[in-house]
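Participant: So the protein sequences, as listed, match chains A and B. Each number in my numbering corresponds to the 1-based position in the first sequence with 16 added. Read in my numbering, the second sequence has 90 at position 109, and its numbers run on one by one without any break.
Since the hints were made in silico from the structure, they are not lab data. Hints are supplied without guarantee of correctness; some may be wrong.
What the hints assert, rightly or not - Not close to chain A: a few residues of chain B, all C-beta gaps over 12 angstroms, as computed:
id, residue
1, Leu90
2, Tyr101
3, Ala119
Said to hold, decoys possible - Output of the computed footprint for chain B on chain A, the stretches with three or more beta carbons under 8 angstroms from beta carbons of chain B:
id, region
4, 215 to 229
5, 322 to 333
Unchecked claim - Some, not all, of what chain A presents toward chain B, calculated at C-beta under 7 angstroms:
id, residue
6, Pro206
7, Phe234
8, Ile237
9, Ala241
10, Phe336
Glycine included, C-beta positions come from ideal geometry on N, C-alpha and C.
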Amino acid sequence: MSELITPGNLSHLHLLINHFPTVGLTVAFALLVISIISDSEAMKHDTMRPTAFGMLFAIAVMTLPVFTTGLAAEGAIEKVAGVSKQAMDAHENSALLAFVVLELAGAAAWFGLWRWRRTRRIPPGLTILTFILSAVSLGLMTIAASIGGGIRHPEILADPNTAGTQSMFSISASAVAFFVNGRGHQWVWPTLESAHFVGMTLWFGVLLLANLRLMGWFTRIPYPALHRLLPWALLGFGVNEVSGMMFYIATPKGYTTNVMFYWKLLFLLIAAADLLYLTVWPQAWRTEAGTPSHTRERVIGAAALASFVAVMYCGRMLPFLGNSF
Amino acid sequence: MMTYLTALHDSAFSTWIREAETVWAFPTVLTIHTFGMMLLVGCAWVMDLRLLGVGRTIPIGPLRPLFRLMWFAFWINLATGLLLFIADPERKATSILFWSKMLLIVINLPLITRLERSLYRETPEPTVVSGGTKRLAAASAALWAGTIFAGRLLGYM
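Same shape as in the complex, but just chain B:
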């Protein structure tokens, strides 16, 4: 396994992202990844806040496009995240923080799908939020916070 990671690390593309003397390589990929995070988790938290009871007068039906924004941002970050992994495969693949971050995301994605489905299953204009939906929102919000911490700490370990 390590042989493949080392080969990936030594590949021209990996070296270019990591070492190119231009802001368009590593710095730009990292910045787009940060933008995607801001958009994805920002939309998720606003949705979760509403479901947890902040701003009860905000109608839930019209908020549904936030889920599409979240998925749009998710694909941006999957792509940029892949590039960041390619730039530094050996360290990432052996880091407990990296795998914790992946685990948190893998748990969170189905939660978000379930959240959207349970919310809009019966009516496109839900007015009450069930206890189960609230628990999903709280869990998802907390998992995003954990993901941000794991991702940020990854830069220092």
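Just chain A, with the same shape it has in the complex:
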């Protein structure tokens, strides 16, 4: 796979998957709005709204590789004539704020699904919160996408001279990098690393027990009881997303050119899909004490646990197998 990690391919990948947080988010948001204004009880509680929430969580997760391939794309075109570094920085900074709000929307959507699995109802408060956060992130994504489009297509800008103007709706990536890496901040990186290990362990503990139950161990435990542990897995995920993104923003070149980083992202998507599976899978919810397991759940659980170990392995091997740091 190493030979596929070229700036051109990563740039291409960025242009392909950036449709998740733009086009995908628009579709998910539209479904959410329809489910809110609809009179249909089924749309509100059984079909459309849980679907919209699931899509929002999935899009929030998919946006991780979108953001991280963005800086690789920057490496591909930074020396091309007519491409301005300022425009790319403006795109990155506005995308960073949009990303943060989208991740919060994804977390709110996840909590909605978690409650929905237990009560078949998404609480109104979580619906309102998810609506607001996804509306704001859609607006911010539109700004980020527009600035990003202008990097190679200045003709779409009302005034091409505005290319490179920082949007007021942005987070300075260089300020984040300075916080993590700057002089006098030597404690920040090791502390974030420690938190990253804590988050990983918490997520893995919950994932292990829940998947093992569905795979046929711990059969005396009813699965719905274990479902209560899942927010702690999301907490671990969240801690690691924040700390991991700070590492990435502080030293992007250590990751964008490292094949292990892309393997890690791939396995991370599978581990995140497993969290969604553990949260909403109907057969899981019907697994009472004594319910035997099925081959399908054994395959899913084995794949998920192997993927989680692979995420750890790829992360641990970043300095050894790739060229990081």
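Mind docking chain B on chain A? Use the hints.
Facilitator: Relative to chain A, chain B alone:
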């Protein structure tokens, strides 16, 4: 003492773990150590969360095999930890972080044994968790967090 540590550092085995141009030496030992940590502390925290009141409907009796998993992971990490010490004895033996980490583990192991014993002493299917058991669980969970921090920071000092 330092003479022995230096001799250990200069031994062929120590040099091989530390410097061999293969992922099967230092990187693999370190990765297995990380896996053991994930398994040991992951199981411990899930157990502690239950005892502290998260997921009260989870029956405690069937969770007992988690203790066996923890001990399995502990022995993995004792072995890999020993190898990591052999690879770098002088720096580790003189590091306050290393000895803090050892101290935290030495305090935590009897806590875990006591936790298991007090939990299952009267019945294999306990339904109530006593205040004392809760305090043990909270202390053990916090000590594991401290152990992870000390171990991780050790890589940077």
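Participant: If a hint holds in the structure, say so; if it doesn't, say that too.
Facilitator: Now the hints, each set against the structure:
no.: 1; hint: Leu90; result: 18 angstroms, holds
no.: 2; hint: Tyr101; result: 15 angstroms, holds
no.: 3; hint: Ala119; result: 15 angstroms, holds
no.: 4; hint: 215 to 229; result: holds (count 8)
no.: 5; hint: 322 to 333; result: holds (count 5)
no.: 6; hint: Pro206; result: 4 angstroms, holds
no.: 7; hint: Phe234; result: 5 angstroms, holds
no.: 8; hint: Ile237; result: 5 angstroms, holds
no.: 9; hint: Ala241; result: 4 angstroms, holds
no.: 10; hint: Phe336; result: 4 angstroms, holds
No hint from the list above goes unmet by this structure.
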